[in-house]
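Participant: Listed in order, the protein sequences are those of chains A and B.
Each residue of the first sequence is one higher than the one before, starting from 1 at the first, in my numbering.
Each residue of the second sequence is one higher than the one before, starting from 1 at the first, in my numbering.
Since the hints were derived computationally from the structure, they do not count as laboratory data.
All values derive from a computational prediction rather than experimental measurement.
Take the hints with a grain of salt, since some may be wrong.
Here chain B is said to cover these stretches of chain A; the calculated rule only asks that three of the stretch's residues, wherever they fall, bring their Cβ under 8 Å from a Cβ of chain B [stated by the list, open to error]: (1) 169–176; (2) 352–360; (3) 372–383.
List of simulated lysine-lysine pairs, DSSO-like, C-alpha gap at most 27 Å [claimed, not checked]: (4) A:Lys154 - A:Lys387; (5) B:Lys65 - A:Lys350; (6) B:Lys110 - A:Lys267.
Label-pair restraints from in silico Cβ distances [to be verified]: (7) B:Arg97 - A:Glu526: 46 to 56 Å; (8) B:Asp60 - A:Thr517: 20 to 30 Å; (9) A:Asn527 - B:Arg97: 26 to 36 Å; (10) A:Pro51 - B:Asn41: 34 to 44 Å; (11) B:Arg97 - A:Arg593: 33 to 43 Å; (12) B:Phe10 - A:Glu580: 50 to 60 Å; (13) A:Glu592 - B:Pro38: 53 to 63 Å; (14) B:Asn41 - A:Leu460: 52 to 62 Å; (15) B:Pro38 - A:Asn70: 16 to 26 Å; (16) B:Arg97 - A:Glu464: 40 to 50 Å; (17) A:Asn527 - B:Asp60: 51 to 61 Å; (18) B:Asp60 - A:Gly41: 49 to 59 Å.
Where is the CB? At the ideal position from N, CA and C, for every residue including glycine.
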Amino acid sequence: MTFNIFVIPFFGGLLFLLAVLFVRFTAWLATLDKSGRKKLGHGLLNGQVFPATWEVFMESLLHRRMFRQNKLLGYMHMSFAFGWLLLIVLGNLESRIYSGGHINPPYYPIFLKFFVHDKRTLPFELYTLPGFFRFIMDFVLLFILSGLVLALIKRARSKWFGMKRTTQHSKFDKWAITSLWFIFPLRLLAESFTAGVYQGGGFLTNTLGTFFAAFLPVEYLYYPAWWAYSTALGVFFVTLPWSRYMHIPTEVLLIYLRHFGIKTGKKPDSFSEIEIYSCPRCGVCIDVCQMNDAHRTNSTPAYFLRSLRYGTPDNDQNANCMLCGRCHEVCPVQIDTLAIRVAARYDDNKLLAPSFKYLDRFEPADSAADVLYFAGCMGHLTPAVKKAMLKILAASGEKFSFMDEDGSVCCGRPLLLAGLHEAAAELIQKNTHLIINSGAKTFVTSCPICYKVFNEEYKLPGVEVLHHSQYLLRLVESGKIKVNSTGITAVYHDPCELGRGSKIYDEPRTLLGQLVTLNKAEQERENSLCCGGSVGDLSMNHSERTVIRDEALKVLLASQPDILVTACPLCKKTFDNGTEAVVMDIAEVVSERLQPVTKKELVTAELAG
Amino acid sequence: MAGTVEKVRFGFSVNKDRQIDYDANLKDIADIVLKAEPTINLCISCGTCASTCTAGQFTDFSLRKMILLVRRGETKGLENEISKCMLCGKCQLACPRGVSTRNLILQIHKALKTGAL
């Protein structure tokens, strides 16, 4: 007996799912842009498949990043993903061996215990490992059920899983999650009832079967139970493509394409759609998002991606994000939420055409210098930073020139963050011209927002781009300037664009280590909070920003340091307005502790190169 | 006669008569912007935005003027003007009233592009 009508809900659902996935995946791959297709071909031939497959195993099945987030959360996800795969693989193996190597229809292994009642007679079990499959299949089912129990507990006690909030479900999610939660208990019941009638189950199903048989008419119950199990599977498969569980197949595709070097571009494209569909809405990003402080939970990445996915874009969701990158740090799928947000803004603002023809007339006087200092727009708003830098540069004896002494041409990053790439390109071109013409070899900026764009978007051959925290450390280490230490305590705030944005965490800390006693903040480095002043956000009003700033200040000033040090003029300006504490830029601290360098020391430093 | 008048120097000149005809001016843009960025209502026309402006360093671009013109409905030629903004955000930090100037500029720009009926 290899067919029964009850397999139809399962089998029909499975065929439907596979058809939908085939259509979706083909459409995505076919609409990749030219460079994407090239990378795809290259990646397939270049051995990138192997590390990608490893990542699929570690992330899609074992959920390593989830484990890092929280052990219970990781176990819960792993038991579902890895457990279900084991159930499928082992079930197939079992049925294959039983049927003597024949290829069976897909429903056969799933419902094997319906088709083969008494597995004590399976011949291979008698000759090889008695009861091996009966044991292992029950064990894996128990493994998945333990995850299900955790999922139920998580509903009520999400804090145990390291989460303050869980994601609100959409209509499709509710159907999908309900059917998913029913699948494994129903399998347990179906197998147990069957074992109650015919024996032949493992340690779990046999015991339960005997137990049920004592007071239930299991001989009438087992067939409806198989129907229910098959129906739950069918409903799950049919709702999957429209629910968050679409992330299961899509994430696999995403991991491969990412390994091939494909990224979300400046405009929404088919790869960004793959990223959007890969979001499981696990909710890890919701807690870390500071939009909660401003009561704008709807803008958190999980909900933002959901709106994009269901085609209900909301300009405010696109605009209301500081692009601080905290979500990207914790995302178990590593979805590039920032790039997707900026691409969505491109769509919102593509009609706008800022134009900077007036800059053509601007041509500063030539200045032969080795070091070009750029304060940036925000640097000009915080004159103390600018002054400190000029004092240090003069003391260092470097041949320097102040590029934007008479006003800067904006670096272009604020326009980029608003999705206005063409306009930004005009500014980038102008500044590139100014920098290359200056003949300087080193370009130093005080603003991390500028630093990131100069470092990543500008093509400046032969010019080294540095943030002032890096440059100042270099001056100290090469002996060109001398500083001395004080006993005062300080907390260092990692600016988003410098820390998460440019991965510069250590240089400012090393430099400050020579000046002050550094206290640790509860949230720092990758987990550092945004000051709330971000130019990434286009929607929040002043009072909402103030709430975010104050919450960040609470964390930073918890250890009551003498000063709060940052390395970004925008952070400094934002924090300074919100606290009585002393807020300083790292350059100001260096400038305060500057000691005269003797001629002898200078010559020694020169000789050392 | 005209020639003799020119020769007289009074030390001042007379400007062309200038009246703001609120009835003739279109207020659509102002309505759209007001809805999209209500903080425009906080503006006291102090001009801090214009004095700190990065684009203002190179041109006569002035957000203060822009806001006044939008409110009056004198939006002719404004699109050309607003496209000079580099969106750097200095004005937003300098503003003593907490106007969300960056979004305001984007919204004015957008309204000028699409909103005029």
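Participant: Please go over all the hints and tell whether each is borne out by the structure.
Facilitator: Do the hints match the structure? See the list:
Only residues whose C-beta sits within less than 8 Å of a C-beta in chain B count toward coverage, and the region 169–176 of chain A has 0 of them, not enough to reach three; the restraint is violated. For the region 352–360 of chain A, the stated coverage by chain B holds: 7 residues have a C-beta nearer than 8 Å to a C-beta of that chain, and at least 3 were required. Counting residues of the region 372–383 of chain A whose beta carbon lies closer than 8 Å to any beta carbon of chain B gives 4, which meets the minimum of three for the stated coverage. Between the alpha carbons of Lys154 (chain A) and Lys387 (chain A) the distance comes to roughly 54 Å, so the proposed pair goes past 27 Å and is violated.
With a C-alpha separation of about 25 Å, the suggested pair Lys65 (chain B) and Lys350 (chain A) falls inside the 27 Å cut-off, and the hint holds. Distance check on the hinted pair: Lys110 (chain B) and Lys267 (chain A) sit about 19 Å apart at the alpha-carbon level, within 27 Å; holds. The beta-carbon spacing between Arg97 (chain B) and Glu526 (chain A), approximately 36 Å, falls outside the hinted interval of 46 to 56 Å. Taken as a hint, the range 20 to 30 Å is violated for the pair Asp60 (chain B) and Thr517 (chain A), whose Cβ atoms sit roughly 50 Å apart.
A hinted range of 26 to 36 Å for the beta carbons of Asn527 (chain A) and Arg97 (chain B) is consistent with their spacing of about 34 Å. Range check, Pro51 (chain A) to Asn41 (chain B): Cβ separation about 55 Å, and the 34 to 44 Å hint is violated. Restraint check, Arg97 (chain B) to Arg593 (chain A): a C-beta distance of roughly 38 Å satisfies the suggested window 33 to 43 Å. At about 58 Å, the CB distance of Phe10 (chain B) to Glu580 (chain A) agrees with the hint of 50 to 60 Å.
Checked against the hint of 53 to 63 Å, the C-beta distance between Glu592 (chain A) and Pro38 (chain B) comes to roughly 43 Å, which is inconsistent with it. Asn41 (chain B) and Leu460 (chain A) have their C-beta atoms about 44 Å apart, which leaves the hinted 52 to 62 Å range violated. Range check, Pro38 (chain B) to Asn70 (chain A): Cβ separation about 41 Å, and the 16 to 26 Å hint is violated. Look at Arg97 (chain B) against Glu464 (chain A): about 41 Å separates their beta carbons, and that is inside 40 to 50 Å.
As the Cβ distance of Asn527 (chain A) to Asp60 (chain B) is approximately 45 Å, the hint placing it in 51 to 61 Å is violated. Here the CB-CB span from Asp60 (chain B) to Gly41 (chain A) is close to 53 Å, well matched to the stated 49 to 59 Å.
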